[in-house]
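Participant: The residues making up each chain are set out below.
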Amino acid sequence: MKDEEVRRVLEAVEQGHLDRRTFVQRAAALGVGASTFGALAGTAVASSGAVLASPIPGPPYKRGKRGGVGSVAWPDKTVTYDPPLAYDLGGYYGLANFFRGLMAFDGKSNPQLDLASSMDISGDGKRYRFKLKKGVTFHNGREVTASDFKYTFERSSSKQIGSWVQGFLTSVQGHAAFAAGKTKQIPGIKVIDKYTLELRLTKPDVTIPGVLATPPFFVLPQEEVKKQGKNFTFNPVGTGPFKMEKWDKGGSRYTAVRNPDYVYGKTLPYFDELDWQWNVPETLEYLRVKSGKLDATGGNLGSAPSIVAQLRASKNPDYKEWPSFSIQWFELNTTQAPFDDVRVRRAVNYAVNKPRLQSLFIQPTGHFFPPNLLGYNPALKTYGYDPEKAKSLLKQAGATGVELTIPILDGGTGRIEQLLQQDLQQVGFKVKLVKDQASVYDLGSKLATKYPLWYKGWGMGLPDPSELVSSLIGTGAPSNYSGWGNKAIDKLGGQATAITNRGKRGSTYAAIEKILLAEAPFIFLGVSTWVTMHSKRLQNFVWEPVLYEHWDRSWAS
Amino acid sequence: MSTAASPADVEEFLDGAARARRTGRVDPVLLSGCVIVGFFIVCAIFAPWIAPHDPDFQQADGLNGIGPWAPFDSSYLLGTDELGRDYLSRLIYGARVAIFIAIVPNAIAMVIATLVGVSAGYFRGRVDTILMRITETVMVLPAFLLALALISVAGSGLWVVVIALVLVSWTYAARVVYGEVLRIREATFIEAARALGASSWRIIFRHVIPQLRGLLVTYFTLNAAFMVLTEAGLGFLGFGIQPPTPSWGAMIGASRDLLFWPWLIILPGVCLALLGMGFYLLGEGLQRRFGPRVPTARL
Amino acid sequence: MLRVILRRLGWVLVTLAAVATFTFFLTFLLPQDVARTIAGDKVSEAEVERVRQELGLNDSPAIQYVRYMGRVARLDFGYSFVNRQPVGEIIAERLPRTISLAAVAIIFQLVVGIGLGLATAARANGVLDRTTLSWAVLMISLPTFWLGLILLYVFAFELGWFPLGGADSFSAIVLPAITLGIAGAAWYSRVVRQAASETLASDFVKELRAKGLPRRTILFKHVLRASLSPVLTMMAIDFGFFLGGAVLVETVYAWPGLGLTSYQAIETGDTPLLMACVIVGSAFVLILNLAADLVRTVIDPRVRLG
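Protein chains in written order, with this note's numbering: chain S, 1 to 557; chain B, 1001 to 1299; chain H, 2001 to 2306.
The set of hints was computed from the structure by calculation and includes no laboratory data.
Using N, Cα and C, we set each Cβ at its ideal position, and we do this for glycine too.
Please note that the accuracy of each hint is not assured.
As the list claims (entries may be wrong) - Under the rule of at most 20 Å between Cα atoms (straight-line distance), these lysine to aspartate or glutamate pairs were calculated in the EDC-like manner:
#: 1; chain 1: S; residue 1: Lys159; chain 2: H; residue 2: Glu2045
#: 2; chain 1: S; residue 1: Lys430; chain 2: B; residue 2: Asp1054
#: 3; chain 1: S; residue 1: Lys432; chain 2: B; residue 2: Asp1054
#: 4; chain 1: S; residue 1: Lys230; chain 2: H; residue 2: Asp2076
#: 5; chain 1: S; residue 1: Lys230; chain 2: H; residue 2: Glu2047
#: 6; chain 1: S; residue 1: Lys159; chain 2: H; residue 2: Asp2033
#: 7; chain 1: S; residue 1: Lys246; chain 2: H; residue 2: Glu2054
#: 8; chain 1: S; residue 1: Lys230; chain 2: H; residue 2: Glu2054
#: 9; chain 1: S; residue 1: Lys108; chain 2: S; residue 2: Glu321
#: 10; chain 1: S; residue 1: Lys230; chain 2: H; residue 2: Glu2158
#: 11; chain 1: S; residue 1: Lys159; chain 2: H; residue 2: Glu2054
#: 12; chain 1: S; residue 1: Lys182; chain 2: H; residue 2: Glu2054
#: 13; chain 1: S; residue 1: Lys226; chain 2: H; residue 2: Asp2033
#: 14; chain 1: S; residue 1: Lys159; chain 2: H; residue 2: Glu2049
#: 15; chain 1: S; residue 1: Lys432; chain 2: B; residue 2: Asp1056
#: 16; chain 1: S; residue 1: Lys182; chain 2: H; residue 2: Glu2049
#: 17; chain 1: S; residue 1: Lys536; chain 2: H; residue 2: Asp2033
#: 18; chain 1: S; residue 1: Lys230; chain 2: H; residue 2: Glu2089
Stated by the list, open to error - Derived contacts from chain S toward chain H, CB cut-off under 8 Å, selection only:
#: 19; residue: Asn279
#: 20; residue: Arg288
#: 21; residue: Gln539
Stated by the list, open to error - Computed from the model, here is a short list of chain S residues facing chain H with C-beta under 7 Å:
#: 22; residue: Gln160
#: 23; residue: Lys230
#: 24; residue: Asp248
#: 25; residue: Leu287
#: 26; residue: Asp410
#: 27; residue: Gly411
#: 28; residue: Pro478
#: 29; residue: Asn480
The task is simple: from the sequences and hints, build the whole structure.
Facilitator: Now the structure itself:
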């Protein structure tokens, strides 16, 4: 019995769900020393231990130099800094500068305690109790309390706001009634006292700590959101390391200044000011960084292949290729011919010339799950490049000479669409490309009414496969526009979040991906290589694979 | 001590054709215009025979592991693009789009301009006031922006581009035609026809329009350059003819983020500049040779 | 004179109303659920219906049209589909950038165009004249955006003389303004040359010369004045063309003006912003056109404001 419990605690440590103190407390409660745990757990604690030793969560930070202005430029225009609505890259990346939550990622996508001083999980795994750090204030000077978190979580889950994360807290008691608009609040989010928040779940959910580390759940001050209304989108008031100083409505940049009352304000952040520029094409970003006029490139330089080719050849130490959670695929409209037929869906998967994708810096895994994600099974059979097989499948399905229109969305380069066009034409489709706009607020529902298939990229915010089920592949999931659903996947997905054993959970997700691949509601491509570059003077630049950068611990030499 | 240009110098310069006629040689401006435009027309017509490869096909050996082939580095003479397509073939086929754009929307614009200009200039009165007011107002408006707005709603495609280009250019031409018609209608042979009881339409088609021929041909040529460059602008922004069909402007636009493979940007730019120059020279040459001088309007 | 100006201003308003109608028509034709776009894709149907009610999208097209025109008249262009900010405020921030870019570009093309035109007319068929002719034809034929990319690479990156795009420093305006103005400068130089040559050959100038006036005075006082009129005529109808060029140039240099805004508005399907750009851009051009016509009547007494 005790062994079972010990294993469970270790599991939590491994996933970063427990901080050092709770871990020691729990270990003591079980009557074993932390060292015993270490021995039992082997590498797990050793690797987590290094991170746990740091009093400030997030990736390792070093003693840096205070002062100066850090600058970064993004190719896109930012849509909003309202956390649950920030959908575009520039906006999403900006969130961690202004807001913080109960948990934070550590640079390797493991959640750690941030504004919470402790996290206590009940024995049955159905109750999470968080103690808040005292004296943490919003940018407006008011202290953060537990009820702010309740407000924030309910806001992000509401259908009125329409966030992409509205399916993330479904395991909390009363979530379903709230989502349906039947209740005004979620009873499972309980304010115990000013500094204590409890989440009561209908079933165990191990993804909770990770979910709370994603920016859409970073705490907001209720009174500011109400007071500012529409303006809140660009006047973010949070608890983050930087405060919004000024921004221009036309969308060319904002300036944020150091927040001296930041929760780690004695040490971080190092920069006095952050200069965040928008609408700077990749080429200009790169040239500016190279000539020292900019500190970092925002977004993925990988979308500008000649720059990456140049960087690779130059062996420049200031550029990095990061393993990413950025999934690339074509979504198929499965409600209509020809893609209502699984044989056609498989055929188009066989038709894609996978090796060719590398020229666009897509690692052609043929999987839906990124390789470094829990549940990724390298042994799983994927669709190879086999045009002959594609042709015969199409013949079987009677889908020959079908005409398809593929949209090139939102000023995209159209490269990947042209690759697919050729591949599909090789197996007998007639393919036309048109330009269209859709993804501002991911208006996928519009796409499905107009096109049989379209390109989609998804940067994972929560480094856990549960996000893929709850957002993209579950039946009726908020960002699933394929019209496709599978009962077995829904069932397994519901079970998987409750499985505490990581290995077992992994194999459940592997089973989900296996069904997904067989059913092929998408054309699976792979993951994109994420390429960033920073200036020589910028130190300790850390890109978090779940789409944020830890600007609070970078400095300029 | 040289003084200001003598009238003779000026005449001489302005009328290169006169010198050409006197010396019995072909006007070099006209000749170079003919050669350049002719070259691209030949490319356009015979593209399937001239182009070494399918311009839209992403060749299996079209990429070298790092990126596309640079010019003269492989069997692809002018290299390949980032998707591994033969760039020379794309440039040759790009001439098709350019020539099409130089002719079709241009011709439509000329027809509209002739209708408007002739009606206003011939009938005068209220028709004139209304038509020319509209023409002058539309001429002043930011036509490119209006065309973009139209494309944003109608979606981009060949015919939308044609309509947009017509929209952008008919007004200038209409005004030029109008001015010329005002001059022609006072001519004695028109008076004579009218006195003989010819109907207005008969006069217009039998006497006025034939008189406009020289002007229209010259203007058409000059406007062709404008058409090609404007389509290139639309293509550069991504609103022109849709990929994979090669259009020079779109090729530059698609290579905007590929600065370190400079041939992808430079070559289509050179083609555009050459063809644009060819049309201008041709127009200039025709003007010198056949007159009348097209009133100065920026094209 | 005042009456004429007022009449012209009235015509400007009528034209703007026509442009606004055109934009309304375009927006109305758009196969798009406006309420859904504004509310967001993942909100409940009730929320979408609330937005639809709020914006009166259930009313008849005629009522919507009247309301739209009323709002435009009050310079209320609604909210951006993309960042939910009042479009009027976005435009207010972007328009001055385009005005400054256009101003510098116009000054550049006037100075270079007139200067070269006079210089070449003074020494017709000289070396300068011949080179200028080929230069002019080349500059007119070069695609603006292509030239912009090349200038940016050479002068901003390789040589580092100017900032790499953006509008952060004063010198940032140089390259975009040259790119935008160079074709115009080429045109103007030819127009001025032609007009100046004709004036130089006129009896009037012959008389002046016979009177023994210095060449410099003749050139800068009389010939220049006579040549300005055709340039202004061209300029007056040129502003619209100019704004089109600004879309391309601003895109190349990431210059945050009206042109870049319109381009992005199209890319992202931000219809209210694009329509406001079209209306404001047209107003901008119409007013400049009127101003140019006014200046022309002052410079050249033969011209009358119609």
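Participant: Failing hints, ascending?
Facilitator: Structure breaks hints 7, 10, 12, 13, 17, 21, 29.
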